[in-house]
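Hey, can you work out the whole structure from these sequences and the hints?
In order, the protein sequence lines correspond to chains F, Y, Z and H.
Just so we're aligned: 233 in this note's numbering is position 233 of the first sequence, and the numbers increase by one with no gaps anywhere.
Just so we're aligned: 215 in this note's numbering is position 215 of the second sequence, and the numbers increase by one with no gaps anywhere.
Just so we're aligned: 294 in this note's numbering is position 294 of the third sequence, and the numbers increase by one with no gaps anywhere.
Just so we're aligned: 39 in this note's numbering is position 39 of the fourth sequence, and the numbers increase by one with no gaps anywhere.
By construction, these hints were calculated from the structure, which means they are not laboratory data.
There may be inaccurate statements among the hints.
So the derived label-pair ranges between C-beta atoms look like this [to be verified]:
hint, chain 1, residue 1, chain 2, residue 2, range
1, Z, Glu225, F, Ser144, 37 to 45 Å
2, H, Thr396, Y, Ser215, 42 to 50 Å
3, F, Tyr189, H, Gly61, 32 to 40 Å
4, H, Glu348, Y, Leu232, 56 to 64 Å
5, Y, Ser177, Z, Glu225, 36 to 44 Å
6, Y, Leu132, H, Thr396, 31 to 39 Å
7, Z, Lys375, Y, Lys162, 57 to 65 Å
8, Z, Ala146, Y, Leu70, 40 to 48 Å
9, Y, Ser215, H, Gly475, 39 to 47 Å
10, F, Leu59, Y, Leu132, 48 to 56 Å
Cut-off 30 Å, straight-line C-alpha distance, at most; resulting in silico cross-link-like pairs (DSS-like, lysine-lysine) [stated by the list, open to error]:
hint, chain 1, residue 1, chain 2, residue 2
11, H, Lys82, Y, Lys134
12, Z, Lys382, Z, Lys368
13, Z, Lys141, Z, Lys156
14, Y, Lys162, Z, Lys517
15, Y, Lys162, Z, Lys283
16, Z, Lys156, Z, Lys63
17, Z, Lys370, Z, Lys332
18, Z, Lys175, Z, Lys242
19, Z, Lys407, Z, Lys370
All values derive from a computational prediction rather than experimental measurement.
A virtual CB, placed ideally from N, CA and C, is assigned to each residue, including glycine.
If you want the building blocks of each chain, they are given just below.
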Amino acid sequence: MSTSVSNPSRTSALPRITSPWRSVGAVVCLFWLVMAVIGPWLAPHDVGQVVSDDIFGPLSAQYPLGTDYMGRDMLSRMLVAARYTVGLALVAALLSSMIGTFIALAAAVSPRWLEDGICRLMDALIAIPSKMLALVIVAGFGSSVPLLIITAIIGYAPGAFRIAYSLAASLYTMEYVQVAQTRGESRLYIALREMLPNMLNPVLADLGLRFVFIVLLLSGLSFLGLGVQPPDADLGSLVRENIGGLSQGAAALIAPALAIGTLTVGVNLLIDRISSHRNGR
Amino acid sequence: MSTHILWLIGRRLAAAVLTLLIVSVVIFAITAILPGDSAQQILGQFATPEQIEALRQQLGLNQPAIVRYLDWFGGLLSGNLGESMTNNMPVTELLQGRLGNTLMLALVTSVVSVPVALLLGITAAIYRGGRLDKCLSTLTLALVAVPEFLVATLAVLIFAVKLRWFSALSYASDVTSPLAFIRTYTLPVMTLCFVIVAQMARMTRAAVVDQLDSSYAEMARLKGLGNLRIALVHALPNAVGPIANAIALSLSYLFGGVVIVETIFNYPGIASLMVDAVTNRDIALVQACTMLFCSGYLLLVLIADVSAILSNPRLRTR
Amino acid sequence: MTDKKLISGEESVRVFEAMHRGVSRRDALRMLGAAGVMAAGAGSLFGSSSVLAAGESTAPVGKRGGSIRVAGVSSSTADTLDPAKGALSTDYTRHYMFYNGLTRFDAHLTPQMELAESMASNDATTWVVTLRKGVTFHDGKPLTSADVVFSLNRHKDAAVGSKVMKLAEQMQDIKATGPLEVTITLSGPNAELPSILAVSHMLIVAEGTTDFNKGNGTGPFKVQEFKPGVRSVAVRNENYWKPGLPYLDQIEFIAIPDEPSRVNALLAGEVHVINNVDPRSTKRIEASTTHRYVDAPSGNYTDLIIRRDQMPGQSNEFTQAMKLLLDREQIKSAVFRGFAVVGNDTPIAPGSRFFNAELPQTTYDPDKAKFLLNKAGLAGAKIPVIASEAATSSVDMAVLLQQSAKKAGLNLDVKRMPSDGYWSNHWMKHPLSFGNINPRPNADIIFSQFFQSTAPWNESGWKNERFDQLLIQARAETDDGKRGQMYAEMQTLVHDHCGIGIPVFISNIDGVDARLKGYGTNPLGGFMGYMFAEQVWMDA
Amino acid sequence: MTELLHVKNLRVNARGGAGEIEIVRNVSFSLGKGEVLALIGESGSGKTTIALSLLGYARHGCRIAGGEIWVDGTDVLSLDDKTLQQWRGHRIAYIAQSAAAAFNPSKRLLDQVIESALLHGVGSRAELERKAVELFRDLALPNPETIGQRYPHQVSGGQLQRLMAAMALIADPLLVILDEPTTALDVTTQVEVLQTFRDAVKRRNATAVYVSHDLAVVAQMADHIVVLNGGEIREHNRTERILHHADDAYTRSLLGAARPHGKPKAVTRLPAEAEPLLSIKGLIAGYGKPDSLGLPASRILEDIELELRPGQAIGIIGESGSGKSTLARVVAGLLPAARGKVRFRGEELPGQLSQRSAEQFRRIQLVFQNADTALNPMHTVGTLLGRPLKAYFGLTGKAQRQRVLELLDQVRLPHTLIDRKPGALSGGQKQRVNLARALAAKPDLILCDEVTSALDTVVGAAILDLLAELRRELGLAYLFISHDISSVRALCDDVVVMYQGHQVQTGSTSALLEPPAHPYTDLLVRSVPELRQGWLEENRDLARLELPALDDYQDNGELCTFLDRCPKRINGLCNSTAPGRKTLSSGSVTLCHLDEEAMLPLLPVLAQPSAQEPRLYKVNG
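This is the structure:
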């Protein structure tokens with residue numbers, strides 16, 4: 001039922017941002033992508049190694065980002081965490097968007113009863129708070145990386161579905177789709193070749209926000225004691241495990257928080273750029 | 001209110017019931033395949049197998065899942081949400097006070113966040129493309145990205161520990177005066193606002209911009225109306241549909257998504273109750289909470305849809 | 001000493017302190033027994049309660065009045081006021097507010113007479129418990145032997161789901177032998193019964209109670225409000241049988257699971273007492289002039305469990321190597337910031353009675369460990385080690401162990417499991433995992449529950465005939481010196497052969513409002529061993 | 001005559017990918033008080049941009065780069081924002097192209113009509129409301145007292161356009177700008193609206209700038225015409241001079257395209273007994289849940305009878321909502337018929353797409369009106385044309401490319417377009433690609449749904465020529481759906497006139513355009529403005545037809561659908577019984593009670609079109 005009033009325009013929530021801003025997005029994303037790929041090799045210390053007696057140590061030449069709550073090198077931990085957050089959240093966001101979009105496409109070109117059934121099921125999944133769902137799943141089955149991804153997908157694919165479905169439903173009435181129908185094209189062809197390319201922009205914009213949500217979900221899970229396996233951590237968990245340093249403004253807390261901020265803003269700026277680029281063409 | 005709307009609401013309610021049914025099956029299935037059951041959870045670390053067996057027998061956990069589901073469902077039909085397995089209290093009793101708290105927090109947060117979000121969204125829309133718009137956009141995005149436990153803890157540290165303006169804990173039962181109310185609710189509401197305002201503001205902006213790009217908005221400009229009047233008097237009423245939908249989605253977060261805020265501020269709401277229930281495998285309670293969340297969500301979406309219809313004379317007067 | 005006919009509170013302290021110091025068990029028993037026999041006829045002569053209270057605390061007598069708010073670590077709908085079902089520190093704390101036991105622990109884990117006026121036994125098998133007169137429940141019903149029989153018998157019924165069912169099973173027969181007299185017959189001799197009866201689960205409830213949410217006990221406070229998962233409000237029991245106690249008018253007890261929030265609430269003045277303070281937060285509390293922290297060394301430990309009945313733990317070399325790989329000093333400093341005492345892989349904490357100080361301390365030695373691992377053919381192996389937030393600090397400890405192990409060429413794969421369901425699904429179920437054991441009142445209980453071959457919670461699954469024999473012999477051994485030797489040998493066996501690595505004993509850190517007086521420590525746990533309620537007062 | 005408006009060297013720039021582009025270049029003109037000036041040109045000529053500049057307004061992405069606009073002695077471009085706001089809607093008023101879009105859908109009409117005047121302090125609410133009702137009456141709106149209480153969707157398009165005029169006139173502006181005010185209207189409505197506009201302007205002696213692409217309309221309204229092309233003025237002169245003695249070549253080409261295309265092309269007709277390619281019998285179709293009889297809730301098409309022989313072109317003509325596009329959808333298989341038979345090449349054509357054969361798909365091709373929505377914006381021309389080649393003929397790779405190039409040749413497009421996406425094509429090019437895609441199937445029948453109406457006159461004429469040529473070359477049959485009588489006339493052998501789902505008249509194109517005809521056909525044909533001044537005056541009757549009185553009657557759904565507008569209806573007959581099909585002497589079949597005598601024009605046509613001034617059958621668009 002609630003699929004009805006889904007304005008596709010809401011997905012273009014990002015305002016057009018002029019060019020210097022766009023390059024910022026690309027640079028930030030590139031930075032984090034590079035960090036995710038080579039970061040762990042750059043780490044001066046082992047991610048679990050206690051290197052200092054000083055906990056929540058300040059920035060220093062020896063420990064450029066200070067030390068964490070156990071006296072481990074924060075820079076090394078950040079470099080490892082970046083890979084998890086970027087990789088995990090990116091994969092999960094991409095997969096949820098993709099899966100949501102494909103289910104939406106399938107629903108849009110399906111016979112009425114199947115379409116209704118899919119919508120109802122997705123509605124039910126949306127209605128269950130994603131944090132709850134994540135909690136139940138991770139609590140039950142532990143938190144391996146694939147399971148975290150699956151959790152994020154179950155939690156966020158229905159949201160992607162909702163947006164993609166409203167797009168697909170309106171695209172399905174487009175004249176070029178009707179032309180394809182009168183050409184006797186299969187549903188698969190219509191979905192993939194005629195409709196999908198026209199949904200990518202809003203789906204991309206949605207992907208940006210979904211990415212943010214998944215980063216937050218991961219950190220939320222770490223709050224509840226779930227998430228990436230130690231000694232590794234994701235950025236959110238780093239914030240969480242070092243929250244004790246908040247009162248003293250520990251670098252161990254601020255660095256990962258800033259990292260999350262720049263990452264999300266960067267990703268959204270980049271996606272904004274990609275969609276406006278596609279629009280321009 | 002035409003029969004059309006009544007008919008629509010009726011149809012929506014029927015669909016909602018169906019959705020709830022699916023949700024209950026999904027949740028039951030998930031809790032059923034979770035390792036461990038409430039007998040083990042109740043008895044804890046030092047339980048003996050005999051004790052667990054005895055308790056299972058007592059709680060009826062030995063029956064197949066389908067029988068248990070049908071039992072629960074039968075109870076539901078007769079208006080009985082069942083009993084909590086962990087402490088033998090009726091589920092309704094456990095929910096009672098907490099539901100009020102959750103609703104109160106949601107209400108206060110909505111009352112604060114919705115106007116703020118609308119204000120930010122509309123302002124950004126009016127100055128779209130301008131510097132203010134870009135700042136707001138980046139700011140809201142950055143705010144979305146801050147983990148809420150960080151916001152909450154920081155807020156407590158500053159406003160409760162250092163300044164002692166507001167209370168670090170939020171007890172609905174402490175509220176006896178308006179001042180106490182402010183002390184109690186400010187910090188959790190502030191934290192939640194951080195989380196949901198950004199999203200609502202972005203959606204509002206998008207919806208209003210959509211309308212401001214329409215011919216009638218251009219016409220209004222050519223009629224000599226000011227930006228503010230165009231945005232508020234002309235664009236906003238037509239953007240009610242999408243905005244209401246965005247608000248509904250964000251507000252539905254205030255039911256189930258606030259577990260972290262409830263934990264940090266020790267606010268006894270339903271979200272933390274459900275976390276408990278999941279931990280204890282207290283299926284009746286899990287189901288009841290989920291049903292509540294989902295009903296809340298469905299109700300909000302319904303309200304959003306109805307307000308979209310009411311705001312649109314074409315649909316309203318059909 | 002044996003001439004004493006009466007045993008006052010003061011004396012009972014002396015008796016048990018003497019026990020600690022090494023007075024022979026038989027003497028002590030006699031002391032108690034004699035007192036018990038006499039007390040039956042001379043209950044009125046029993047010294048005033050204030051004397052008893054004064055015996056426990058040397059602090060000046062406190063002020064009456066005031067109400068405080070206390071925050072524990074957990075609250076859920078599973079919160080219960082049924083002592084038998086108490087599962088968490090918050091439950092125990094509440095139970096001690098509303099109920100009394102037959103005995104109670106003092107600050108040295110010595111059982112003191114509480115509702116029991118005396119406990120007498122000549123053979124440590126049949127015990128006659130004489131109850132205090134004139135004690136009433138909150139609803140006005142006087143305490144009788146029937147209540148005690150009901151309370152103790154409950155634990156043996158599997159359907160009740162008592163947490164101490166195993167412990168209670170030795171009480172073969174519990175019967176009322178007079179209106180204020182209960183005779184308990186044990187399945188075998190056990191001189192530790194008074195301390196068994198002091199655990200919170202054994203607190204006395206009124207006969208026939210089915211709804212425990214009213215908290216109808218004989219304790220210092222009455223239930224004004226109890227909302228599971230939300231809070232409880234306790235108000236002073238004006239008719240408490242200990243004159244002048246309690247001091248406080250009201251205690252509101254809540255839980256703040258999130259540690260930073262708990263400390264924040266304390267520092268913001270929202271609550272007056274908190275427990276489970278992270279060692280990293282002590283600096284913040286120290287910095288506040290209006291607050292202090294209380295550091296209480298305890299018998300609480302988080303242990304590395306090496307299953308001896310599975311590979312690779314079946315290898316002696318591996319087990320030894322793992323113990324050598326625990327960098328105890330680093331765990332103490334990095335994980336606990338010094339708020340811990342280094343352990344030596346035996347469950348008896350240094351300073352406790354029967355602690356075997358002769359046992360050579362195991363120290364971090366990666367080279368030797370490497371040698372042993374090579375010998376066991378496990379060099380370079382990749383082995384999962386299971387940890388969880390459920391077992392205090394085990395995840396951090398596992399990570400440190402992983403680092404240490406690397407130096408010995410062993411590749412440990414830390415697997416963090418969710419707290420939820422950890423005890424039923426993972427604890428003791430993996431070749432390498434972590435567990436956490438709360439302080440137990442005496443060596444016998446610890447050894448019987450966690451180290452006996454047949455114990456259900458024989459964590460490492462080791463089987464040692466000699467150890468099992470010694471355990472039984474020690475219970476019946478009346479010569480303290482011999483017993484001490486037995487316990488020493490048992491510790492050696494555990495140290496050498498059992499698959500349990502105990503790197504440190506974790507101190508409890510409580511945070512309290514500086515105005516709160518009378519707040520001491522207890523090795524049993526935080527909140528003065530969960531029993532702070534009737535002992536503290538506000539000095540505003 | 002005093003000069004009210006003087007535009008001097010106006011320049012407007014648009015921001016593009018590579019800097020700014022001038023879209024209006026040094027435009028200067030002036031206009032005396034009480035005169036009407038028309039800005040005319042094709043899309044992209046800058047006419048609307050200039051019109052908006054007169055209000056000191058430039059659309060998003062554009063900016064007024066220079067020049068002066070003097071209105072009543074004030075340079076509008078030098079005003080600050082605040083003053084400009086005061087001017088807009090007060091001294092200078094604007095009437096937008098699509099009233100349906102320009103009215104806020106969620107506010108009452110009266111509030112919107114008086115809003116601007118109220119804000120500018122023209123009068124009190126009560127005064128303004130009174131004045132609005134006056135204006136409504138003046139503009140011949142029905143129920144002038146209460147119509148203001150309605151919402152935009154509750155009144156018709158023509159009424160909205162008049163309400164928009166009321167909104168513009170209520171503050172008695174110095175200058176009124178009308179931006180294509182009748183373009184979105186049906187031809188019969190357009191006449192009414194033009195009449196009221198003209199009267200209102202004349203009565204108030206208002207000064208107006210009238211923007212349009214339609215010379216015939218402009219001829220009725222304007223004293224002066226400015227011809228624009230590519231942002232520049234090509235010619236500026238008095239109306240009669242432009243119409244008769246245009247100096248500029250471009251103006252002449254515009255005039256040429258506006259004149260009807262030559263006589264219907266002689267097509268070698270197949271013998272009548274040849275098996276029809278497409279035959280439709282007793283067709284009923286619509287949308288919504290079928291009732292117990294299997295009839296849809298909302299019936300769009302009623303009892304359609306049609307026969308199309310190979311190589312024949314049949315025009316389907318009617319106003320918006322007449323069901324003509326639905327007919328194409330039924331034939332294309334997008335909408336199953338509720339009743340009736342559709343046969344193609346002697347075989348029954350299944351209603352469901354899924355039951356149609358690949359051959360049937362190939363032989364029937366549908367070309368939509370709007371190439372923007374009919375071509376997938378994400379595909380290149382090569383893909384768009386290649387796909388049907390692969391689907392129908394299995395052509396891939398080189399062979400496919402070869403054929404795509406042939407198709408481009410066929411629709412006279414350069415080969416270089418093959419890798420472009422529709423977004424990078426002009427409107428005419430898009431429509432050609434749209435057509436080429438249909439041709440790729442080598443079809444027998446092309447369903448053309450308003451293929452020229454979204455295009456400029458000149459481009460549309462070229463597409464029509466192309467269609468005619470293709471028909472000659474390939475022997476295609478067309479079902480040509482249009483609201484534009486002149487295109488139908490240019491291309492089709494036979495015409496079907498539709499009104500509210502009913503086929504009111506069917507016959508040869510030539511017979512259709514001459515009396516006797518169905519009263520609706522008559523009205524339709526006569527409502528097309530002619531390219532000469534004075535036509536509107538002569539045809540005043542079209543705007544306010546006197547309808548014969550009728551007794552109360554009950555419509556059981558079977559009565560003539562044109563009854564409530566018919567100037568020739570007969571009380572007791574038309575309002576009691578359903579009309580039947582009748583064959584006229586010209587061979588046309590009508591759905592009407594009237595006999596041939598009665599179908600002759602109500603009023604004698606005063607001025608027959610002269611040779612120099614051929615009738616222009618242009619409905620709109």
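Q: Could you say whether the range 31 to 39 Å given as a hint is met by the Cβ separation of leucine 132/Y and threonine 396/H?
A: With Cβ atoms ~54 Å apart, the hint is violated.
Q.
Can you tell me whether the CB distance of leucine 59/F to leucine 132/Y sits inside 48 to 56 Å?
A. Hint violated: Cβ distance 34 Å, outside 48 to 56 Å.
Q) CA of lysine 175/Z to CA of lysine 242/Z, is that 30 Å or under? A) holds (27 Å)
Q. Within a Cα-Cα threshold of 30 Å, do lysine 82/H and lysine 134/Y meet the stated pairing?
A. holds (25 Å)
Q: Assess, step by step, whether the Cα of lysine 141/Z is no farther than 30 Å from the Cα of lysine 156/Z, and give holds or violated.
A: holds (25 Å)
Q) CA of lysine 370/Z to CA of lysine 332/Z, is that 30 Å or under? A) holds (23 Å)
Q. Lying within 36 to 44 Å: is that true of the beta-carbon distance serine 177/Y to glutamate 225/Z?
A. At 21 Å between Cβs, range violated.
Q. Does lysine 63/Z lie within 30 Å of lysine 156/Z when you go C-alpha to C-alpha?
A. violated (41 Å)
Q: With a cut-off of 30 Å on the C-alpha distance, tell me whether lysine 382/Z and lysine 368/Z pass.
A: holds (19 Å)
Q.
Quick check: does the Cβ-Cβ distance between serine 215/Y and glycine 475/H fall within 39 to 47 Å?
A. holds (44 Å)
Q. Given the proposed pairing of lysine 162/Y with lysine 517/Z, does the C-alpha separation stay at or below 30 Å?
A. holds (25 Å)
Q: Indicate whether the distance between the beta carbons of lysine 375/Z and lysine 162/Y respects the range 57 to 65 Å.
A: With Cβ atoms ~58 Å apart, the hint holds.
In the structure shown, a violation is registered for the earlier hints numbered 5, 6, 10, 16, in ascending order.
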